[in-house]
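**Q** To convert, note that position 153 of the sequence shown is 154 in my numbering; the numbers rise steadily by one, no gaps.
In short, the hints are calculated from the structure, not lab data. Some hints could be false.
No farther apart than 25 Å at their CA atoms in a straight line, the calculated lysine-lysine pairs in the DSS-like style are these [claimed, not checked]: (1) Lys158 <-> Lys45; (2) Lys45 <-> Lys22; (3) Lys237 <-> Lys177; (4) Lys158 <-> Lys22.
Since the structure is predicted, the reported quantities are computational estimates derived from the model, not experimental observations.
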Amino acid sequence: MWRAYFTVSSTDDAIRLLAEKGGRARIVAGATDLMLELERGARKDVDTLIDITRIPGLARIHLDEDNVIHLGPLVTHNDAAASELIRTRAYPLARAAWEVGAPQIRNRATVAGNLITASPANDTITPLMALGASVTLLSTRGERAVPLSEFYTGVRKTVMQADELLVDISFPAMTKSQRGTFVKMALRRAQAISVVNAAVILNVSRGAARSAAITLGAVAPTIIHAREAEAYLAGKSLTDEVLARAARLAMESSRPIDDIRASAAYRREMVRVSVLRGLRSLRDETEQDGFPRDPVMLWGKGSNSEFRTL
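Sequences and hints are given; from them, build the entire structure.
**A** See the structure below:
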């Protein structure tokens, strides 16, 4: 059980404490997963919590001069879902963030925490993988950038070291020729863990796909790319037959298991259905149907602005 709680005002203080505690400390931001784990006794080695919510600037969402979007480690799911920048230049992430939990959870839980928890059913990992995201990790030993495709080593396992702090999530903003979406299958509409989720991004020119990124969640130990489906779509017109074939190839890429939420066979079929729905919505330009203009925000309208200091 944790015994010490530190509130820090700088990243330097945070990484110094992480180094001093030698693996016995955990970072607190949203803590929607961490506090449950502590309550259940799943983190018996943790005796120190380090609260970073008072560090200025870590809730920032911005676009840099190279058209790269950056999310700080305090950006919540509500922030991402309501950000005009994310909605217009990284829509699959906005959609996924909106699909997480309920407004109360989205108001507290951070995108960075969702990545670090490393469950293959976590919703925001899938679109960020499709967007080609990287994370920046900071420690007293220095800073390193890790592509999200290399960040995960297994179920709830990453390459992140105990003394490292995630300080940035970055990915290229989608261009005018790109369209993307996120599709979630769960046992109910809200407050549900994904049975299957999928992110689909197409680079389209004159009705044909120049390139594609298709990522799948909850169907393997980590989020995976449907590589054969991506390769198949390149250069092809988006006909019903092509989309159906791509969806079937995506299904064949999955490696699901049976668990309390679904059988492996059902998950495989839902991969096909999810990817097909996503592809059709992009072709028909209906991917934003059902997405609210003003997602519920508990900090008040406009609180997701490009900079929010807690």
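**Q** Below or equal to 25 Å on CA atoms is what counts here, so check Lys158 against Lys22.
**A** 20 Å, holds
**Q** Does the structure keep Lys158 and Lys45 at a Cα separation of 25 Å or less?
**A** 17 Å, holds
**Q** With the threshold set at 25 Å, check whether the alpha-carbon distance from Lys237 to Lys177 stays at or below it.
**A** 19 Å, holds
**Q** Need the status of pair Lys45, Lys22: alpha-carbon distance at most 25 Å?
**A** 14 Å, holds
In summary, this structure violates none of the numbered hints.
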